[in-house]
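S.K.: Chains as they are written, first to last, in the numbering used here: chain A, 1 to 114; chain B, 1 to 112.
Since the hints were derived computationally from the structure, they do not count as laboratory data. Since this is a predicted model, take the numbers as computed values, not measurements. Mixed in with the good hints there might be a few duds.
Covered stretches of chain B (in silico footprint by chain A; criterion: 3 or more residues with CB under 8 Å from a CB of chain A, positions within the stretch not fixed) [what the hints assert, rightly or not]:
1) 65-75
2) 98-110
Simulated crosslink set (DSS-like; lysine-lysine; CA at most 27 Å straight-line) [stated by the list, open to error]:
3) A:49 / B:26
4) A:56 / A:77
5) B:26 / A:60
6) A:77 / A:52
7) B:26 / A:52
8) A:77 / A:113
9) A:77 / A:60
10) A:56 / A:68
11) A:52 / A:68
Ideal Cβ placement from N, Cα and C applies to all residues, glycine included.
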Amino acid sequence: GDSVTQMEGPVTLSEEAFLTINCTYTATGYPSLFWYVQYPGEGLQLLLKATKADDKGSNKGFEATYRKETTSFHLEKGSVQVSDSAVYFCALTPSPTGGFKTIFGAGTRLFVKA
Amino acid sequence: DAGVTQSPTHLIKTRGQQVTLRCSPKSGHDTVSWYQQALGQGPQFIFQYYEEEERQRGNFPDRFSGHQFPNYSSELNVNALLLGDSALYLCASSLGRYNEQFFGPGTRLTVL
Chain A
1 GDSVTQMEGP
11 VTLSEEAFLT
21 INCTYTATGY
31 PSLFWYVQYP
41 GEGLQLLLKA
51 TKADDKGSNK
61 GFEATYRKET
71 TSFHLEKGSV
81 QVSDSAVYFC
91 ALTPSPTGGF
101 KTIFGAGTRL
111 FVKA
Chain B
1 DAGVTQSPTH
11 LIKTRGQQVT
21 LRCSPKSGHD
31 TVSWYQQALG
41 QGPQFIFQYY
51 EEEERQRGNF
61 PDRFSGHQFP
71 NYSSELNVNA
81 LLLGDSALYL
91 CASSLGRYNE
101 QFFGPGTRLT
111 VL
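All chains, full assembly: derive it from the sequences and hints.
M.R.: As structure tokens, then:
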């Protein structure tokens, strides 16, 4: 079945460091790919998305490119801030329009030190 | 424009009890999906409601049931609560079954 695998955390970085969180997926057809962020004690917030191969999603300095050839959707940010400390979830939906059930990875916790 | 809302925010129950969680979808949305997020894990799909019927179900026992009302709001019911049911329960809404889902803030259920 469809699945998402993301790098285990926690990831600890100093402020202004470069961030990469790896995500790979297994899916049939043409899934949509997402990154969600969850701050302590809160629900999920959509960070960025891509609905077809080679699309780049971006938001708040974060970027991820839908790579069908490597089945990957790695999250990157050039300079992290303390406020970026959170849990990041890579996810997919089987539908190219971004709906139906969402399948999540296990999450990667990011700590950013001042 | 109100987003997805859920109530209550927190809930404490004891083993064997029953619980009902509520969700109001984003304005204009007609489809509601429920997810369970255990501590330290990613959310897991429970089921989806559309046109007041359960349309798709994840790998959850029959103790988990739901309902959708004519105004598209939804309830999640869990019977015979187990300690392992302690989790954050997330509701997501969409316009149609196959479009982008928007998540609510969740209800944190603690079973003692």
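S.K.: Identify every previously stated hint that the structure contradicts and give their numbers, smallest first.
M.R.: 1
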